[in-house]
Structure formats: structure tokens, C-alpha cells
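Produce the entire structure from the sequences given, and follow the hints as far as they go.
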Amino acid sequence: MSSRASRRMSDRPSVDFSHTFQVHELPAEENDDDNEGEDGDKSSQNMFTSNGGGDIRASQSGLTTSDLRGSVSSKDGSSLRWESSHENFPHITVITDLDGTLLPPPHKKDGVLLHPKLSDGDAHEHLTQLVKNGGAVVGVTGGKLGLQQERFWDELPLNARIEGRVLLFCETGMVLYRSDQDGNPVEDESYGPFPGNTKRFLRQQTIDSIVAAARAGLKQWFTDLKANPSLLDEKHWLHAKCDKWSVEDAPVTNDPDMTPRIELRGPSEHQVVGVMIAGIPIQYGDKYLASNFKPFSDEISGQPTGRLCYDCVVPGLSKHLVLKYLLRTGALARGSAIALADSPHGNDVGLTEYHTDGMPFVSVCDKIKKVPKHLLDCHVGGNEVGSGAFLQQLVDNWQKAGGFHRTEANQDPLSLNTVQDLCEAAAKKVEEHEKLEATKA
Numbered sequence: 013m014s015s016r017a018s019r020r021m022s023d024r025p026s027v028d029f030s031h032t033f034q035v036h037e038l039p040a041e042e043n044d045d046d047n048e049g050e051d052g053d054k055s056s057q058n059m060f061t062s063n064g065g066g067d068i069r070a071s072q073s074g075l076t077t078s079d080l081r082g083s084v085s086s087k088d089g090s091s092l093r094w095e096s097s098h099e100n101f102p103h104i105t106v107i108t109d110l111d112g113t114l115l116p117p118p119h120k121k122d123g124v125l126l127h128p129k130l131s132d133g134d135a136h137e138h139l140t141q142l143v144k145n146g147g148a149v150v151g152v153t154g155g156k157l158g159l160q161q162e163r164f165w166d167e168l169p170l171n172a173r174i175e176g177r178v179l180l181f182c183e184t185g186m187v188l189y190r191s192d193q194d195g196n197p198v199e200d201e202s203y204g205p206f207p208g209n210t211k212r213f214l215r216q217q218t219i220d221s222i223v224a225a226a227r228a229g230l231k232q233w234f235t236d237l238k239a240n241p242s243l244l245d246e247k248h249w250l251h252a253k254c255d256k257w258s259v260e261d262a263p264v265t266n267d268p269d270m271t272p273r274i275e276l277r278g279p280s281e282h283q284v285v286g287v288m289i290a291g292i293p294i295q296y297g298d299k300y301l302a303s304n305f306k307p308f309s310d311e312i313s314g315q316p317t318g319r320l321c322y323d324c325v326v327p328g329l330s331k332h333l334v335l336k337y338l339l340r341t342g343a344l345a346r347g348s349a350i351a352l353a354d355s356p357h358g359n360d361v362g363l364t365e366y367h368t369d370g371m372p373f374v375s376v377c378d379k380i381k382k383v384p385k386h387l388l389d390c391h392v393g394g395n396e397v398g399s400g401a402f403l404q405q406l407v408d409n410w411q412k413a414g415g416f417h418r419t420e421a422n423q424d425p426l427s428l429n430t431v432q433d434l435c436e437a438a439a440k441k442v443e444e445h446e447k448l449e450a451t452k453a
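Its first residue numbered 13, the sequence shown is counted upward by one per residue in the working numbering.
Hints were generated in silico from the structure; no laboratory data involved. Please note: incorrect hints may appear among the correct ones.
Unchecked claim - So the derived label-pair ranges between C-beta atoms look like this:
no.	residue 1	residue 2	range
1	D236	E449	22 to 32 Å
2	D255	H119	15 to 25 Å
3	A413	S131	25 to 35 Å
Just so you know, even glycine gets a beta-carbon here, dropped at the ideal spot from N, CA and C.
This is the structure we're talking about:
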């Protein structure tokens with residue numbers, strides 16, 4: 013037995029996955045009074061069955077119907093519908109971050125900033141194979157729908173989208189998109205991440221203050237970078253921005269091709285849930301922005317995210333609210349879901365919440381020193397390369413086990429020990445890839 017395996021056997025608490033595939037009553041902290049239905053019923057809910065009015069419910073007997081149908085309310089008042097011919101709820105669900113996890117990083121070519129799609133990276137083939145075999149994928153991103161539709165949503169099989177086996181939570185989980193009957197993403201207006209399916213927004217005065225503080229931080233960063241180019245690799249494209257943005261105010265825009273920028277996120281200009289600042293590398297985010305935002309610490313929560321981004325959001329908004337919603341509505345069964353992300357120390361920390369409680373977290377962070385100790389046994393590394401390596405192990409493993417649907421011999425598909433074994437194999441693939449790339453360089 014490897015030292016890694018022996019550590020996890022002795023140090024990890026045992027996890028009971030006997031309730032896998034059952035719609036069950038949740039612990040009190042996940043079943044708040046504010047979440048009860050119109051008739052006062054606080055039973056578990058299922059995202060895949062509905063009464064057609066946005067009040068989505070499930071039978072306590074479990075998800076065993078052979079023809080699941082559902083509908084939710086869209087912005088124009090119409091219903092978004094889907095059908096599934098699968099015998100049970102998807103046997104494997106992957107809840108995943110997008111940028112830095114599934115999607116290759118933006119890069120410049122001939123002076124043009126390019127945003128690679130899912131199909132340009134290592135994860136596409138294996139994620140597609142998973143959903144084609146009945147699995148489900150839930151994307152969670154801090155950004156707006158915009159580019160994520162082209163880069164992520166449209167890249168996944170049409171039938172999986174229509175059947176409801178692809179969901180996309182945007183703006184750090186504040187907005188949920190489901191598929192319409194044609195496979196296009198449409199906002200579910202009945203959803204809200206906070207108790208009672210509600211949303212929360214920043215005050216205009218707070219937004220104005222954040223923008224002013226962000227502009228000051230960006231100017232200082234580019235001033236320092238100009239004076240000390242060694243802060244970044246000499247070939248980094250941000251060097252070319254120093255002359256202009258060390259003296260000019262960064263624009264407020266949602267244009268992803270503009271860096272630096274200050275992006276307001278929310279349903280409308282009057283309903284802003286967060287402010288994203290792009291242009292400062294993650295390792296310098298706290299230095300140039302955190303101190304500027306201290307006067308608003310009671311009204312915002314800020315932290316570096318992504319490679320060049322820093323997020324300020326309403327207090328309490330976190331990706332863990334997505335997990336709580338999916339569990340509360342019965343859309344996830346513990347023991348058949350994993351979370352996958354590249355920033356367990358930052359804005360993806362919310363996805364780690366159930367790591368030892370039926371939903372293992374797989375880290376593809378590119379720096380192992382940033383991974384919390386209790387997650388190291390599920391660390392793969394390599395960003396999107398690591399995601400591809402892990403998903404390949406996942407798909408290969410469960411195809412050998414007889415597919416993605418429940419069988420007598422395959423009741424608990426994703427125990428923590430199983431995921432740790434998959435991560436160990438995937439990490440070796442990443443190491444091999446990195447060695448090969450090093451020889452090319």
C-alpha cells in the first residue's frame with residue numbers, strides 16, 4: 013500500500029454513503045424554514061421533477077421513474093422543459109469551476125486576446141463521454157453567461173443540455189441557467205442562492221467606492237510594474253499595458269477583451285451582486301486591492317480569483333450556496349458527485365465543504381503549496397490538463413464497472429477512497445505531461 017493510501021486510511025473519518033440515490037431529509041442547517049414550499053412542506057426537493065410553476069418537488073420514495081420530466085419559470089413567464097430517458101438520476105455528477113479548471117487560459121495571438129473553448133483543452137473529450145453515458149455536469153463561474161455559453165455550454169452534447177443534465181451557475185452562483193427545449197441557456201427566475209431562494213445586491217454608494225478604490229489599486233500596480241519589470245516574466249503581455257494604465261483610470265466594462273477593466277456583475281445595472289477587477293495577477297491581488305477595500309469590509313467580501321482577477325461580492329455569496337441548493341433540491345446524491353476546481357484556497361473554497369461528507373473535492377491547483385492539507389490526497393494539479401487526466405480516470409473506471417447507472421454491484425460510485433485512487437493515477441499523468449513539456453522547452 014502506498015504511503016498516500018495508508019495516510020488516508022488512518023487519518024480520514026469513515027463516510028456512510030448508504031443513502032446514495034435516495035431523496036432524503038437533510039440536516040437542519042440545510043433545510044431552513046425560509047426554504048419551505050408554498051404549502052409549508054419542507055421535504056427534500058428534486059430539480060428534475062416539477063409541478064410546472066417553479067416550485068420543484070420530489071417524491072420521498074426516491075428518483076426511480078423511467079421518464080423524468082420537469083419545468084421551471086423563465087424571465088418571460090414561459091416554462092423551460094426537459095425530459096430524460098435515463099433510468100435514474102445521473103449516476104455521476106461533476107460540479108466544476110470553469111476558468112483554470114476546464115477551460116484553457118486566455119492568451120494573445122498576433123496581438124489579439126483569445127478565449128479558448130472547452131474543446132481546445134484536455135477535459136472536453138472525457139467530460140463529453142461522461143454526459144453521453146448519462147452523467148451530469150454543473151458549471152459554476154464568477155463571470156456572466158456571455159463567453160461562457162460559447163466556451164462551455166455550447167460545447168456539451170445537445171441531448172444532455174435538453175434533458176437538464178447540464179446546469180450553469182454564473183456570477184459566483186447568483187444566477188442559474190437551465191436549458192430550454194432547444195438546448196439554449198435560459199435563466200431560471202425562480203432561483204436564488206440565499207434562504208428563501210432570494211438574491212442580495214450592493215448599494216450604489218458601495219459600488220462607486222469600490223470602483224474608485226479599484227482604479228487606484230490598478231494604477232499603483234502598473235506604476236510598480238513599470239518601475240520593476242521583474243515582478244512578472246519578461247514576456248508577460250501586461251508589461252505593454254504599463255505606460256497607459258499607470259496614469260489612466262481603468263474602464264468599467266463587461267468586455268472580456270479589455271484588460272484592465274472593472275466589471276459590474278448582476279442581473280442589471282441597478283442589481284449588482286459583485287465587482288470584478290481584472291488586470292492584477294492573483295499573487296499580487298491582496299497587496300494592491302485588499303487594503304483599499306477595508307473601509308467596505310462590512311458590505312463586501314473580497315479575494316483574488318482566477319489568474320488576473322479579484323472579486324468583491326455581497327457578504328455570504330459563495331459557491332458553497334450552489335452545493336447547498338443542489339442538495340436541498342435533491343439534484344445531488346452524496347456519494348455520486350464530485351467537485352472539481354483550481355482554487356481551493358480562494359474563491360473555490362465553497363466547493364470543498366462536503367469533501368469528507370459524500371462529495372469529494374478534486375484540486376487541479378497548479379501550486380500544491382496553496383492546497384489545504386486536508387485536500388492533498390485529492391490533489392491532481394495541472395489546471396485544465398489535470399482536469400482532463402482526472403476525468404479520463406473517472407470515465408475509464410466507471411465504464412469498467414458497468415457504466416454510469418446504479419447496479420446491484422455498483423451502489424456507491426464515488427466514495428472518498430475511490431476518488432483518491434483516481435486522483436493518484438491522474439496526478440501521475442500530469443507529472444508525465446509536465447516532464448514532456450519541459451523537454452520541449
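Here is what the structure says about each hint:
{"no.": "1", "hint": "D236 x E449: 22 to 32 Å", "in the structure": "holds, 31 Å"}
{"no.": "2", "hint": "D255 x H119: 15 to 25 Å", "in the structure": "holds, 22 Å"}
{"no.": "3", "hint": "A413 x S131: 25 to 35 Å", "in the structure": "holds, 27 Å"}
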